[in-house]
Structures are given as C-alpha cells and as structure tokens.
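Student: Sequence:
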Amino acid sequence: MYQIKKITLIPIALTMLQAFETAHHTISERPLTIVTVELLNEDSGEIAVGYGEVQSFADFSYTLENQSVSREILKTVLLPQIRRFSFSNPQSFSIRLNQLTPFASFAKAGLEMAVWDAIGKLTHQSLQQMIHGQGGTVPVGIAVGMADSIDEALTQGYQRIKLKIDAHVVDFENLNRLLKKYPEQQFSIDANSSFTDKNIAQINRLPENVGFIEQPLGENDFVQHAVLQAHTSKIISLDESINNLNDVATMLKCLSAKALTIKQGKIGGISNALTAIQLVDKPWVGGMLTSGLGRSVDIAISSLPKIAFPGDISDSRRYFERDIIEERLRVNNGIISVPRNYGIGVTVDLNAISDLQTEQMFTITD
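Okay, so the sequence shown: first residue is 32 according to the working numbering, each after it adds one.
Think of the hints as simulated: they come from the structure by calculation, not from any bench. Be careful, since some hints might not be right.
Derived lysine to any residue pairs resembling SDA-like cross-links, with alpha carbons at most 25 angstroms apart [said to hold, decoys possible]:
id, residue 1, residue 2
1, Lys337, Phe218
2, Lys37, Gly167
3, Lys36, Tyr93
4, Lys313, Gln190
5, Lys106, Val80
6, Lys212, Ile266
7, Lys337, Ile366
8, Lys212, Ile231
9, Lys36, Gln130
10, Lys37, Ser92
11, Lys36, Thr394
12, Lys284, Phe134
13, Lys289, Asn275
14, Lys36, Ile126
Take the sequences, apply the hints, and build the full model.
Tutor: Below you can see the structure in the form of structure tokens.
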C-alpha cells in the first residue's frame, strides 16, 4: 500500500521560442503547475518523489478550468482529502479522485501523474512498462498552418501532418490541390469547430490521404457530430468535446465519431486515458503544449498497441526557450524514443523549475 506524505504545487511559466497560435488564443508563455508528491511504500518504508504537471491554460478560452481554478481545487478540495488515503495502485488513486469531484480534470491529471511517477520509481518500472506499452520508439506527427512548409515537415520525416484550418476562410479547392501533391503522405485536418453541416460535400471531396478530421463542429455538438459522421466516409475525431469519461460515453452512445483524441492531462489523468483507449475504436494521442515531463507521458501512451495514428508529439525543444527536463526528446526521421527510466522516465531539472517559478509554492503534509 502507498500513502502520500507531502505534496507541493509550484506555478511556473515556460517562455515560447515564438508565439504559438491556436484556435483559441495566442500563447507567448505556457503556464503550468508542477506537482511534487512524496510517496511512502507502507510495506518497505521507502519514499520516492514523483512529478506531475497541471496542463490547464492561463485563461478560460479553452475550458472553464484555468490554472488558477486548478490550483484552488487542488488546495481546497483534493489535497486535504487524500493526505492520509492509502491505496494500492495508481488506478485506485484515480478512482478516489473521481469520487471527490467529477470535475477539475486538469487538476486531477496533474496530481495523478505525480503518483504514477513515484510508484514507477518505487517498483522499478518505467511508465511504458506500467501501462503495457510496446516498442522502443513511436511514430509522431506535427501540426502546421496552411502557410507553413509541408516540405520542411516531410524532410524531418513526420509520419502524419496535421493542417489547422478555418472552414470559414479556407479555399477547399486549393486545399485539395495541396493535399493531392503529396499522395503518399498521411494528413489530418484540425477544423477547430469551424465546420457546419453545410460542409459535408466539401468533407467528402477531401482526398484519401486525409486520415481523419478533428473536431469539425462545436464542443457540445455530440448529436450533430453523429449526423455528420453518418453522412461521410471520413473518420471524425473528437477533441474539445472530451473532458472526462462521461463525455467519452456520450460520444459512443451518440455514435458521434469513430476516433478519439486522447489528452491525458485534459481527461482526468493517465488512468482515465487508458480506460478511454480501451473503449473506442481509433484512439490517438493529441498534444497539449506540454513540457518535456508531460510529453514523456504522451510518448508512453502512444506506445500502446491500440493507438491508431501517429501522435502530436514533436521534439521537446521545438517550442520552449527552456524546458524542465534534462534529457532531450528528439525526433529522428519521424520517430521518437520512449523514455525507459523508472517512473515517467525523464530527469526533472529542479534548477529550471526554480528559475521558471512565477508564484509562491504551496505545500501540504500529512
């Protein structure tokens, strides 16, 4: 059995190498909250320190849980209730978190990640071993804008290229011509909720090398997504619509999509992500602009045999001036190595965390 002895929350901000454009906002700094957990093995008396990260954003443009909300829920709801809780594995810990609140998926994921890391160190297992992943490397993809160079991504060997588009302004004839220039390359389209049911004909005319379309309609449009999926042979993958396992159940009941974008930091943690992967036909791992710590988790999950498409996992030095891990997660010819050390598999740079800290840390002990 395991018991948490101490938890520390450390707000940090990673500076972007260049401003990152999303459908929701422009990011020049990526705020995260680092969670450290001192975990006791009650049988052996051994203690290990695990690290996790809360991946919510600074404002409410992505979800109603931002960094401030995540930390407040951790401080006032989750941490006081799990200080003396004994548990046998990460899954039972995740169940307890879900019992405490059905909400706050980002907060729960950051805390649970640290527990997975600590248990891996105590049991001398990598995260990949703990979740039964396979292989030493995984194929990866990359997201680019319409104006970005597809040729550069091809040169780097990325096995899937995601084009972010706005259906309100994109010229679909030009898009089709562009896609047909690279018939052997796997693409996906990230629509960022910009499509309507009036775009069905345009979706059906997309060439065969488009593997799937991500989040074509609105976040809450499970029924409309089901109508769209029923009228197209293209695979739809839901992203923004999925914030917990209840959303996954709704997607499956409504037949809203054939694929699911797995973001463990957004769905409530690694345990919830593993459950979702078993429930759906075509799961794959999306990106959350994470540090190397969260990216290492995504790589391990991508090594599961059921993963259907290369994940949105690029080189750890692609986005940030300074990361918080000592290793470099390097993409070579479209693949990336799975971290093999105990726990999440990478070494946290404590000096970097200290230098990047933005607010006073919060600590709770048993």
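Student: All hints, please: hold or fail.
Tutor: Against the structure, the hints:
1. Lys337 to Phe218: Holds, because 19 angstroms separates the two Cα atoms, which is no more than 25 angstroms.
2. Lys37 to Gly167: Violated, at roughly 33 angstroms.
3. Lys36 to Tyr93: Outside the cut-off at roughly 33 angstroms; violated.
4. Lys313 to Gln190: holds (17 angstroms)
5. Lys106 to Val80: Within the cut-off at roughly 19 angstroms; holds.
6. Lys212 to Ile266: Since the Cα atoms of Lys212 and Ile266 sit roughly 21 angstroms apart, the hinted pair holds (cutoff 25 angstroms).
7. Lys337 to Ile366: Answer holds: Lys337 to Ile366 is near 17 angstroms, not above 25 angstroms.
8. Lys212 to Ile231: Status holds; Cα separation ~23 angstroms.
9. Lys36 to Gln130: holds (21 angstroms)
10. Lys37 to Ser92: violated (32 angstroms)
11. Lys36 to Thr394: Judged against 25 angstroms, a Cα distance of about 11 angstroms means the pair holds.
12. Lys284 to Phe134: holds (21 angstroms)
13. Lys289 to Asn275: holds (17 angstroms)
14. Lys36 to Ile126: Between Lys36 and Ile126 the Cα gap is close to 19 angstroms, so the pair holds against 25 angstroms.
In terms of the numbered hints stated before, the structure departs from hints 2, 3, 10, listed from lowest to highest.
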